[in-house]
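Can you build the whole structure from these sequences, using the hints too?
Protein chains in written order, with the numbering used here: chain A, 1 to 116; chain S, 1 to 116.
Source of the hints: derived by calculation from the structure; they are not laboratory data. For every residue, glycine included, the Cβ atom is placed at its ideal position computed from N, Cα and C. Mixed in with the good hints, there may be bad ones.
[Said to hold, decoys possible] Straight line, CA to CA, 16 Å or less: simulated EDC-like cross-link-like pairs of lysine to aspartate or glutamate: (1) A/LYS73 with A/ASP55; (2) A/LYS3 with A/ASP22; (3) S/LYS65 with S/GLU86; (4) A/LYS16 with A/GLU96; (5) S/LYS7 with S/ASP26; (6) S/LYS65 with S/ASP87; (7) A/LYS103 with S/GLU58; (8) A/LYS103 with S/ASP26; (9) S/LYS7 with A/GLU44.
[Said to hold, decoys possible] Looking from chain A toward chain S, a few residues come up when the C-beta cut is under 7 Å (computed): (10) PRO40; (11) GLY43; (12) TYR50; (13) TYR54.
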Amino acid sequence: AQKITQTQPGMFVQEKEAVTLDCTYDTSDPSYGLFWYKQPSSGEMIFLIYQGSYDQQNATEGRYSLNFQKARKSANLVISASQLGDSAMYFCAMREGRTGGFKTIFGAGTRLFVKA
Amino acid sequence: SAVISQKPSRDICQRGTSLTIQCQVDSQVTMMFWYRQQPGQSLTLIATANQGSEATYESGFVIDKFPISRPNLTFSTLTVSNMSPEDSSIYLCSVEIGRTQGTEAFFGQGTRLTVV
Numbered sequence: 001a002q003k004i005t006q007t008q009p010g011m012f013v014q015e016k017e018a019v020t021l022d023c024t025y026d027t028s029d030p031s032y033g034l035f036w037y038k039q040p041s042s043g044e045m046i047f048l049i050y051q052g053s054y055d056q057q058n059a060t061e062g063r064y065s066l067n068f069q070k071a072r073k074s075a076n077l078v079i080s081a082s083q084l085g086d087s088a089m090y091f092c093a094m095r096e097g098r099t100g101g102f103k104t105i106f107g108a109g110t111r112l113f114v115k116a
Numbered sequence: 001s002a003v004i005s006q007k008p009s010r011d012i013c014q015r016g017t018s019l020t021i022q023c024q025v026d027s028q029v030t031m032m033f034w035y036r037q038q039p040g041q042s043l044t045l046i047a048t049a050n051q052g053s054e055a056t057y058e059s060g061f062v063i064d065k066f067p068i069s070r071p072n073l074t075f076s077t078l079t080v081s082n083m084s085p086e087d088s089s090i091y092l093c094s095v096e097i098g099r100t101q102g103t104e105a106f107f108g109q110g111t112r113l114t115v116v
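Here it is in structure tokens:
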């Protein structure tokens, strides 16, 4: 079964508008962390935002916010005021514990295209 | 924060040879993670490298094929052994740093490997 699901292979957004990238996850571990990363065409992985399973408030980092709905097991990324430089691949990831440490699993990714 | 220096950034190798990838972190970290990103795919965790103990490998990855060293808290190497064209991928190292607001993850620049 998929642990991390990103159902949008590609998304288009007009410059200066907001966009939501979907992510759902599946875990039975009560303690877990959720990450969003950006990967531009250059290939580097850029950390955007983190949400812990026990965090009471939704995480925010500048123009990025995470819409964390624990009961629905969703962790959607909201990018406000899109910029052309936001065009990239976006990955959702989940870290869950296991014996001896923890493991991070990545979703398939969503490619975002920002139109001028 | 953390800065990770990963090298080489890219290489073209003959099948049957081996390549060692190095990651240097500018701070001490307990765990370092090695990922593979096949063309057009998401990231897959290869192994977790702990200082002072053997690396923990994920299903489908074995030590003979991907030996890992972790001689101290700031450095790790991943070797891709007896390479075949199927090993052509981007290989990335990563660390996670805890902070008051949560966890932040950092990646090396990646090693783009082509096996011919």
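Hints versus structure:
1. Proposed proximity of A/LYS73 and A/ASP55 is supported: the alpha carbons are some 14 Å apart, at most 16 Å.
2. Taken as a hint, the A/LYS3 and A/ASP22 pair is honoured in the structure, with Cα atoms around 14 Å apart against an allowance of 16 Å.
3. The suggested pairing of S/LYS65 with S/GLU86 holds, with an alpha-carbon distance near 13 Å, which does not exceed 16 Å.
4. The hinted pair formed by A/LYS16 and A/GLU96 fails the criterion: a straight-line CA distance of about 35 Å is larger than 16 Å.
5. Our distance criterion of 16 Å between C-alpha atoms is met by S/LYS7 and S/ASP26, whose separation comes to about 14 Å.
6. Between S/LYS65 and S/ASP87 the alpha-carbon distance is near 10 Å, which keeps this suggested pair within the 16 Å criterion.
7. Our distance criterion of 16 Å between C-alpha atoms is met by A/LYS103 and S/GLU58, whose separation comes to about 9 Å.
8. About 23 Å separates the Cα atoms of A/LYS103 and S/ASP26, which puts this hinted pair outside 16 Å; it is violated.
9. For the suggested pair S/LYS7 and A/GLU44, the alpha carbons sit about 13 Å apart, so the restraint of at most 16 Å is met.
10. Interface hint status for A/PRO40: violated, as the beta-carbon distance to the closest one in chain S is roughly 12 Å, over 7 Å.
11. Using the Cβ-Cβ criterion of 7 Å, the hint placing A/GLY43 at the interface with chain S is satisfied: the shortest such distance is roughly 5 Å.
12. At a threshold of 7 Å, the smallest CB-CB gap from A/TYR50 to chain S is about 4 Å, leaving the interface hint in force.
13. This hint is violated: A/TYR54 has a C-beta 10 Å from the nearest C-beta of chain S, more than the 7 Å allowed.
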